[in-house]
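What follows is the residue order along each chain.
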Amino acid sequence: MMRIYLFPNRLKIPALVVFLIAIVLIILQFSGVKTEIIVTVFAFISDGFAIGHKSNETYFGFVQEDIYNEILDCMFFLSGTILAFSKEKIEDETMTFIRFKSLVYATYFIISLLILGQIFIYGWAFLTFLMVYFYAFLIFLNIFYYSKLFIYKKQFSNENED
Amino acid sequence: MKTKIKVFRAIHNYTQAELAEKLGVTRQTINAIEAGKYAPSVELALKMSKLFGVTVNEIFQLD
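As they're listed, the protein sequences go chains A and B.
11 is the number of the first residue of the first sequence in my numbering; add one for each residue after it.
2 is the number of the first residue of the second sequence in my numbering; add one for each residue after it.
What the hints contain is simulated information worked out from the structure, not anything from laboratory work.
Since this is a predicted model, take the numbers as computed values, not measurements.
Careful: at least some of the hints might be erroneous.
[What the hints assert, rightly or not] If you want the ones that stay clear, here's a sample from chain B, every Cβ over 12 Å from chain A, calculated: (1) Met-2; (2) Ser-50; (3) Phe-53; (4) Ile-60; (5) Phe-61; (6) Leu-63; (7) Asp-64.
[To be verified] Heads up, incomplete: computed chain B residues facing chain A, CB under 7 Å, no partners named: (8) Val-26; (9) Thr-27; (10) Thr-30; (11) Asn-32; (12) Ala-33.
We put the beta carbon where it would ideally sit given N, CA and C, even for glycine.
Please work from the sequences and hints to get the whole structure.
Next comes the structure, spelled out in structure tokens:
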């Protein structure tokens, strides 16, 4: 039978901790708490947009950059993915079904959000919307999955037991 | 889909937890199947039929 690769269950708690820390740090960053880690990094493309110098265009070279954002984003996306796609203690077909359902709903939700944003948000606000949207999929996927799993476990824990 | 898991469970004197353990699934899954809220995969249905020593058709019937 075809199996889907899932991360081991032991990674779930560390992933949850890192995911929550990343969310808090991202919210702090959005609310203006400034932290910088400036180092020299290798870049495929750096067009100097963020620092406002178009002359700083670099292709496949080393550039000075603030990598705090990149670290936060890597923490967020890696931990969020592991959290959503790690095995339960007893992983069976209903968990797979719930995960699949959550993935479908999260996709519908995120596409609807994008369409609504396209229609109703204009100007610079759209850029802010895109920055939030960037993180939305993993957040909603995890919320959908764990809430559905919680409801499922609660619903069938005591019912019909002998 | 109607199911007679509860009957076969009683015949073999298994609790939901024991049956779940033997099949490698959670007790909630057995509960959901018994309640008719979840249709098991072919693999799980075959495992059940093997465990109970009956055919899949004897355990599951269409409404």
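Hints broken by the structure, by number, lowest first? none
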